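*Asks:* Each chain, written out:
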Amino acid sequence: MKHISLAHGNGGYYMRQLIENLFVKYLHNPLLKIDTDAACLPPLEGELMMSVDGFTVHPLEFPGGNIGSLAIHGTVNDLAVSGAVAKYLSLSLIIEEGFEIECLDRIVRAMADAANDAGVAIVCGDTKVVARGEASGLYISTTGIGIKQASANLSIHNIAKGDVLLVSGPVGDHGSAIMLAREQFGLRGDLQSDAASVLPLCQALYDQPGLHFMRDPTRGGLATVLNEITRATGLGVRVYEENIPLRDEVSGICDILGYDPLYLACEGRIVIVVARAGADDLLQVLKQVAPQAVIIGEIIQQPSRVILQTVTGGERVLEELEDEPLPRIC
Amino acid sequence: MTSRAKQWLEQIHQLPLTKKIRIMNVCGGHERTISHAGLRSVLPETIELIPGPGCPVCVCPEEDIYTAIQLALNEPVTLVTFGDMLRVPVNVPHAEIRTMEQARAAGADIRAIASPTEAVKLAHDMPYRQLVFFAAGFETTMAPVAAMVAEGLPDNLLLLNAGRLTWPAVAMLLASESAGFDALIAPGHVSAVMGSEQWQFVVDQYSIATAVAGFTADSLLAALYSTLRQLLDGRLFLDNAYPEVVTPGGNVTAKKLLHEVFDIDNANWRGIGEIPASGYALKSQFDLHNARKQFALINDASRKHAGTMPAGCDCARVVLGKIYPNQCKLYGLSCKPRQPVGPCMVSDEGACRIWWANGVREQAKIA
Chain A
136 MKHISLAHGN
146 GGYYMRQLIE
156 NLFVKYLHNP
166 LLKIDTDAAC
176 LPPLEGELMM
186 SVDGFTVHPL
196 EFPGGNIGSL
206 AIHGTVNDLA
216 VSGAVAKYLS
226 LSLIIEEGFE
236 IECLDRIVRA
246 MADAANDAGV
256 AIVCGDTKVV
266 ARGEASGLYI
276 STTGIGIKQA
286 SANLSIHNIA
296 KGDVLLVSGP
306 VGDHGSAIML
316 AREQFGLRGD
326 LQSDAASVLP
336 LCQALYDQPG
346 LHFMRDPTRG
356 GLATVLNEIT
366 RATGLGVRVY
376 EENIPLRDEV
386 SGICDILGYD
396 PLYLACEGRI
406 VIVVARAGAD
416 DLLQVLKQVA
426 PQAVIIGEII
436 QQPSRVILQT
446 VTGGERVLEE
456 LEDEPLPRIC
Chain B
17 MTSRAKQWLE
27 QIHQLPLTKK
37 IRIMNVCGGH
47 ERTISHAGLR
57 SVLPETIELI
67 PGPGCPVCVC
77 PEEDIYTAIQ
87 LALNEPVTLV
97 TFGDMLRVPV
107 NVPHAEIRTM
117 EQARAAGADI
127 RAIASPTEAV
137 KLAHDMPYRQ
147 LVFFAAGFET
157 TMAPVAAMVA
167 EGLPDNLLLL
177 NAGRLTWPAV
187 AMLLASESAG
197 FDALIAPGHV
207 SAVMGSEQWQ
217 FVVDQYSIAT
227 AVAGFTADSL
237 LAALYSTLRQ
247 LLDGRLFLDN
257 AYPEVVTPGG
267 NVTAKKLLHE
277 VFDIDNANWR
287 GIGEIPASGY
297 ALKSQFDLHN
307 ARKQFALIND
317 ASRKHAGTMP
327 AGCDCARVVL
337 GKIYPNQCKL
347 YGLSCKPRQP
357 VGPCMVSDEG
367 ACRIWWANGV
377 REQAKIA
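Same order as they appear, the protein sequences are chains A and B.
Oh and the first sequence: position 293 is 428 in the numbering used here, straight run, nothing missing.
Oh and the second sequence: position 288 is 304 in the numbering used here, straight run, nothing missing.
No lab work stands behind these hints: they were computed from the structure.
Just so you know, these numbers come straight off a predicted model, no measurement behind them.
Just to be clear, a hint being listed does not mean it is correct.
Once the Cα atoms are required to be at most 35 angstroms apart in a straight line, the calculated DSBU-like pairs of lysine-lysine come out as [to be verified]: (1) B:299 <-> B:309; (2) B:137 <-> A:263; (3) A:296 <-> B:22; (4) B:320 <-> B:299; (5) B:352 <-> A:296; (6) A:422 <-> B:22; (7) B:299 <-> B:137; (8) B:345 <-> B:35; (9) A:160 <-> A:296; (10) B:271 <-> A:137; (11) B:22 <-> B:35; (12) B:36 <-> B:22; (13) B:271 <-> B:320; (14) B:299 <-> B:271; (15) A:168 <-> A:263.
Isolated chain A (complex conformation) (with noise of 0.2 angstroms):
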């Protein structure tokens, strides 16, 4: 068979055959079991952290990745800016009659590559095949567990007036390469999503003094995590235009559609927050593994907004996001 049809997911023959094929295939490891309900955890050491997330992106295949990585490092990325390292993590797939089972192959394989990158073990999974129609595809989800870093105190309450923003690296890259990849609007380009685990670099910051906060601005990108930031504390973010590392495609993009780089989202990029006497250790330490990572601007008292200090030296508030973002039709 080509295709998944129902049968493979009414529990009999044919899902038994997937679930060998594929998933115990790629994902094979000593705590996941096919013949029991629940996995059974050895005992760990330290605070837990635990995190879900579900994936829908379209394409599900895109330069630099696809869903199946994607639904990996999401996870793994959420728990390790909270300062916790993925042990485990659950699998849920929806997919649609109909999907072509080499597809699933390579979606199912990707996740393999991450989850050993990431050093997690998939435990538990399950998959349901809803009739052609009910679905787009395959939507994914996971939930992670974590063993929380003892040096690792991050909490976007911990931020100060004076503190310092940093981010690993340009941003805005996934979004537009999601935009180039679905063709929409005639655009061809060879940009790749920046998809990845961030776990190596928050590995390195953890012992960091200073460390208040970090986050992973994934959707609505940077301009949407320095609103989180201002709305949780009530104090005021300025960032500097000139700083703020994007790709010469991406802001080519961007300009051809009428969108601001600064909403699109980032799937492997952090943005940092340090109290200002740390922070040029704390970018030397960063620098080796995120080689383009900057300061990028500060926290400050008020106004309780985002300014952007343009190139020509202008002011903007970047605001939070209204609804979606919509290229220009003129």
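With the hints as your guide, set chain B onto chain A.
*Replies:* Here is chain B on its own, set in the frame of chain A:
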């Protein structure tokens, strides 16, 4: 790029500007760049940048949006529309369906697209369904629409056409008693299609300094500098600060297609009224694809305020550059992106929406 913008800015600051100079732009993309780059805060105080008629969604006739909503609700069709049209309210009582978004929630099949060619793709994907593409836009949108029509539309795709030409609106402003501006920044994309020559009349007939600009701060500052120099030197001409894309004659193929597919008609602009020779109308040979000809249209012209801006809304004066967005008494109070009253607060091309999205929250004191 960065250093170029700074150089232009320095050069502008070195100009001996003494009296107020008002410069109008007529493209939502320009207004976005101006707001994004924070240009108003770094230019000399004597320069006023005025957003003019540059938002196709804002001037799209209310009765056409009403018709689109009624078609989607009452006929067995799929309505295809540009996304930022979805939330533009029409003038009906609050209890009735006022936007395409509400019509969609009520069960109408309405699809949002970003580019006209998606309408053709959708029509091919749904061969047994009739589709109506609500084609609203300026020359830049209508050129690809013309190409689609000329190439041959799928049998099941109809157009509810509301295309408009940019220059007649500028001509109307200039012909009025109080044009309200000394210089014009001409739209880059429109000029790429129609040619920069199209704006020559602004210089020749109305003695307005004019320059075509692209969509970067660089290009806009270069165009601003050009118009300021023209005014200071008393030597007016049509300049082009977007030469990499815009030529005097424009895109010959696109213009030919527009000519083959559309007649030019007098057309209604929301809140402004009829502007002579400002609308694209499908030629009669395409009647089979013209929704206006194929459906007994459901525009109830006896509706209260049919065709106008919503009551109390000053979008019309914002579109004409008579007032700034935050001089409308609804701005930021009863009219916000989440509950827009007028179309200028809905579209990403609308001046009110652009100002709001870039942090302008306060009402302006009206002098």
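*Asks:* Now tell me if each hint is right for this structure.
*Replies:* Cross-check of the supplied hints:
no., hint, in the structure
1, B:299 <-> B:309, "11 angstroms, holds"
2, B:137 <-> A:263, "30 angstroms, holds"
3, A:296 <-> B:22, "30 angstroms, holds"
4, B:320 <-> B:299, "31 angstroms, holds"
5, B:352 <-> A:296, "31 angstroms, holds"
6, A:422 <-> B:22, "30 angstroms, holds"
7, B:299 <-> B:137, "23 angstroms, holds"
8, B:345 <-> B:35, "29 angstroms, holds"
9, A:160 <-> A:296, "51 angstroms, violated"
10, B:271 <-> A:137, "48 angstroms, violated"
11, B:22 <-> B:35, "23 angstroms, holds"
12, B:36 <-> B:22, "22 angstroms, holds"
13, B:271 <-> B:320, "39 angstroms, violated"
14, B:299 <-> B:271, "15 angstroms, holds"
15, A:168 <-> A:263, "18 angstroms, holds"
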